[in-house]
Amino acid sequence: MLVTRKYRFSASHRLHAPELGDAENRELYGKCNNPFGHGHNYEIAVTVRGRVEASSGRAVDIELLDGLVRREVLEPFDHRNLNEEVEAFRTAAPTSENLGCEVVRRLKRNWRTVFQEDGPRLERVAIAETSRNAFEVSAHEIE
Amino acid sequence: MLITRKVEFSASHVCRNPQLSEAENRAVFGAAANPHGHGHNYVLEVTVEGKPDPVTGMVLDLKTLKNTMNREVVEIYDHRFLNREVAPFDKVIPTTENLAVDIWNRLQPHLSGPHGRLHGVRIYETPDLYVDYFGDAP
Chain A
474 MLVTRKYRFS ASHRLHAPEL GDAENRELYG KCNNPFGHGH NYEIAVTVRG RVEASSGRAV
534 DIELLDGLVR REVLEPFDHR NLNEEVEAFR TAAPTSENLG CEVVRRLKRN WRTVFQEDGP
594 RLERVAIAET SRNAFEVSAH EIE
Chain L
3 MLITRKVEFS ASHVCRNPQL SEAENRAVFG AAANPHGHGH NYVLEVTVEG KPDPVTGMVL
63 DLKTLKNTMN REVVEIYDHR FLNREVAPFD KVIPTTENLA VDIWNRLQPH LSGPHGRLHG
123 VRIYETPDLY VDYFGDAP
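Going down the list, the sequences are from chains A and L.
With the first letter of the first sequence counted as 1, position 134 gets the number 607 in my numbering; the numbers rise by one all the way through.
With the first letter of the second sequence counted as 1, position 9 gets the number 11 in my numbering; the numbers rise by one all the way through.
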């Protein structure tokens, strides 16, 4: 059984590959390369695979999941400049692809602080920068 | 090929385990343990798998799917207090997970023929929380 919970945060970013020249960056990233940055209301959907526990009728304790996502993703990302304030994006461009991978990495790294060995597992994370695009990262794609 | 049909229903429920104390129920279920109940506008998405029929070009008649969803789920769940009015929720806690399993069990016998086989049930309790069930071990 899969349980999916959606969360939102707002952040600014700039897409710029330091290996490329200014003209190439403008060509590659377009408006997203604006040196002053810009922002989005991001939506992330966290999907968990679990078995329904007989005593609670639930596959995952949503409060525990909310707490983990709040600590590891929402608090460090919300109302931040991702390039300046999140370590991973000092070097990697904060594209939705890289953001999705970073969210999976953070959740997997801290999963055992909240859930038991035989408990629910992270299945995937979907991230939408706007309502017109969505990026999905499976948990097994990330170490 | 997969085809998904969506429908809504509104119902109330209480999430409590009678074997747990009041404090334990509050700890596990939070506000959902309120014994007087509370409600949701549920959204149900039913996905059917099949091949288009060479004559009709359709996997199944969507009117039939709509009627099945209405007859087997909506007419039974809509505007009801699930714990009191819909079996098995007099005995089974009506969490979103258990609703997904019950809806699967109600629909599956009607969607198992050559024209469309039940593939998955997705049920939203709120726009931000949903469960997917594919008939595997729950």
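Just so you know, these hints were derived from the structure itself, not from any lab.
Since we're looking at a predicted model, the values are computed, not measured.
Any given hint could be a false lead.
In silico SDA-like links for lysine to any residue, alpha-carbon gap of 20 Å or less [claimed, not checked]:
| no. | chain 1 | residue 1 | chain 2 | residue 2 |
| --- | --- | --- | --- | --- |
| 1 | L | K68 | L | M3 |
| 2 | A | K479 | L | L131 |
| 3 | A | K581 | A | S529 |
| 4 | A | K479 | L | T128 |
| 5 | L | K8 | A | R478 |
| 6 | L | K93 | A | S529 |
| 7 | L | K93 | L | K8 |
| 8 | A | K581 | A | S611 |
| 9 | A | K479 | L | M3 |
| 10 | L | K8 | A | T477 |
| 11 | A | K479 | L | N43 |
| 12 | A | K479 | L | A34 |
| 13 | A | K479 | L | K93 |
| 14 | A | K479 | L | E127 |
| 15 | A | K581 | A | L501 |
| 16 | A | K479 | L | K65 |
| 17 | L | K93 | A | E526 |
| 18 | L | K93 | A | R524 |
| 19 | A | K479 | L | D130 |
| 20 | L | K65 | L | T49 |
| 21 | A | K479 | L | K68 |
| 22 | L | K53 | L | M3 |
| 23 | L | K93 | A | S528 |
| 24 | A | K479 | A | K581 |
Hint check:
| no. | hint | verdict |
| --- | --- | --- |
| 1 | K68(L) <-> M3(L) | holds (18 Å) |
| 2 | K479(A) <-> L131(L) | holds (6 Å) |
| 3 | K581(A) <-> S529(A) | violated (24 Å) |
| 4 | K479(A) <-> T128(L) | holds (10 Å) |
| 5 | K8(L) <-> R478(A) | holds (19 Å) |
| 6 | K93(L) <-> S529(A) | holds (12 Å) |
| 7 | K93(L) <-> K8(L) | violated (28 Å) |
| 8 | K581(A) <-> S611(A) | holds (11 Å) |
| 9 | K479(A) <-> M3(L) | violated (27 Å) |
| 10 | K8(L) <-> T477(A) | holds (17 Å) |
| 11 | K479(A) <-> N43(L) | holds (17 Å) |
| 12 | K479(A) <-> A34(L) | holds (19 Å) |
| 13 | K479(A) <-> K93(L) | violated (30 Å) |
| 14 | K479(A) <-> E127(L) | holds (12 Å) |
| 15 | K581(A) <-> L501(A) | violated (31 Å) |
| 16 | K479(A) <-> K65(L) | violated (32 Å) |
| 17 | K93(L) <-> E526(A) | holds (15 Å) |
| 18 | K93(L) <-> R524(A) | holds (19 Å) |
| 19 | K479(A) <-> D130(L) | holds (5 Å) |
| 20 | K65(L) <-> T49(L) | holds (14 Å) |
| 21 | K479(A) <-> K68(L) | violated (28 Å) |
| 22 | K53(L) <-> M3(L) | holds (6 Å) |
| 23 | K93(L) <-> S528(A) | holds (11 Å) |
| 24 | K479(A) <-> K581(A) | holds (17 Å) |
When the structure is compared with the earlier hints, violations turn up for hints 3, 7, 9, 13, 15, 16, 21 and for no others.
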